[in-house]
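Q: Take a look at the letters that make up each chain.
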Amino acid sequence: MVSTEVSTGVSTGVSTEVSTEVSTGMSAAVTNGAPSPAASPFNRPSLDVVWAALATVPDPEVPVISIVELGIVRSVEWRGAKLVVAVTPTYSGCPATEMINTLIRETLALIGVTDVELKNQLSPAWSTDWIAPEARERLKGFGIAPPHLLGSRIDVAGISPLRRAHVVVPCPRCASRNTELLSQFGSTACKAQYRCLDCREPFDYFKPH
Amino acid sequence: MNRDAALFEYVLRLGDTDVVLAQRLGEWIGHGPVLEEDIALANVGLDLLGQGRMWLTYAGEVEARLAGRGRSEDELAFLRDGGAYRNLLLAEMPNGDFAMTMARQFYFDQFHLPLLRALSESTDPRVAEIAAKAVKEVSYHAERSMDWVIRLGDGTEESRARMQRALDQLWMYTGEMFTADGAEIALADSGIGVDTRTLRERWLASVAAVLDEATLALPQGEWMQGGNGRGGKQGVHTEHLGHLLTEMQHLQRAYPGAQW
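Chains A and B, in that order, are what the protein sequence lines are.
Residues 307 to 515, numbered by the working numbering, are exactly what the first sequence covers, in order.
Residues 2 to 261, numbered by the working numbering, are exactly what the second sequence covers, in order.
Take the hints with a grain of salt, since some may be wrong.
Claimed, not checked - Just a few of them, taken from the derived set where beta-carbon distance is under 10 Å, the chain A residues facing chain B:
| # | residue |
| --- | --- |
| 1 | VAL382 |
| 2 | GLY399 |
| 3 | ALA431 |
| 4 | TRP432 |
| 5 | TRP436 |
| 6 | LYS513 |
Source of the hints: derived by calculation from the structure; they are not laboratory data.
As the structure is a computational prediction, the values presented were derived from the model and not from experiment.
Glycine included, each C-beta is placed from N, C-alpha and C at the ideal position.
Let the sequences and hints guide you as you build the complete structure.
A: Below you can see the structure in the form of structure tokens.
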């Protein structure tokens with residue numbers, strides 16, 4: 307019985323990953339040293355393990371990217387037995403904030419971290435420039451045009467500088483550059499609504515912020 | 002008035018204006034002229050509500066330094082009567098038609114954006130970080146409301162007439178944004194706040210440029226509501242605020258402490 311379980315575990319990717327994480331966690335925690343009585347180095351996962359766990363938390367509104375790729379987890383640090391996670395909101399009124407906090411707590415509990423302080427960090431204000439490059443590509447696959455980098459908004463010579471002029475937002479489905487803005491606000495505050503004039507599909511554009 | 006007392010008043014004004022305008026925009030939900038605009042109105046309101054929460058939370062913390070105990074954002078929003086509200090009169094103006102709502106937003110955004118830019122340099126780090134966060138959101142608000150003023154002004158005969166009427170009717174509520182009383186001047190002097198009298202000239206120039214593009218006339222008239230230092234910022238409101246608060250505060254008043 308026992309030997310079967312062990313061999314199965316070793317042969318599957320999942321268990322191997324878990325065992326790697328645990329061993330990394332212990333050795334890293336030992337090198338970090340200074341264990342308080344409540345936090346022995348043997349029950350405190352390393353920060354690498356913490357980051358890896360947080361990287362599995364999807365953004366509730368855009369589930370193809372994680373909260374780490376989104377750039378809203380600013381720092382993690384151990385204070386004795388307590389893990390302090392600094393999170394910055396995308397938009398001030400973002401209704402997903404509380405859900406994200408709940409997901410962070412649940413995910414950390416899965417790696418045995420239950421003493422967690424979530425710090426709401428406002429400064430520096432979140433920017434879409436912090437979204438990981440590979441996550442930008444994944445946004446396209448999800449039907450969302452990724453944000454341009456800040457400062458790339460170019461005023462096209464037009465009738466007047468007051469008439470809105472935008473950078474071209476290519477359609478995430480057919481890559482056509484022939485698209486038009488429908489509304490500055492889409493399904494969430496962080497997205498604008500566009501329409502492709504070739505494939506006729508509406509799509510969201512993650513606004514540069 | 003010591004510095005924290007002035008700061009409490011000042012931050013309350015910023016927060017109350019956001020919360021009241023957010024409530025007004027929320028009244029549009031389910032009534033927008035088209036789905037996209039319904040969503041946009043709600044999203045602008047949501048941004049302002051988020052910003053209002055940050056200001057009111059800070060106001061409560063400043064109050065705690067002053068009085069030992071500070072009120073929470075919820076207590077400040079839901080348990081103060083009209084006379085204790087410090088919002089700008091412009092923010093409490095009823096929605097009217099879509100032109101009225103966008104004219105109100107346009108006048109306010111053109112003021113709000115430079116105000117937040119200036120506040121993001123505040124010597125009070127908390128004021129600076131809230132403003133720096135908010136300014137990114139408000140730049141989209143300003144772009145959108147300007148766009149609508151131009152589209153409706155340079156639109157059909159009907160849309161142009163309505164936008165002109167809205168701009169004319171709200172004009173007398175714009176002067177209050179550029180008044181400064183003792184609390185504001187004291188905070189501006191210490192680098193925490195902004196003396197908004199210095200923002201008026203640029204506001205007027207940008208408003209005039211947009212109205213010109215929109216083929217609309219810049220409203221005339223020197224007399225301003227609240228221009229005498231007794232306006233919304235001092236707790237002297239129009240009758241509209243009471244009705245707004247009645248609806249907004251109903252649940253907490255009827256079921257004190259209710260949570261869900």
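Q: For a quick check of understanding: which of the numbered hints are violated here, in increasing order?
A: 1 and 5
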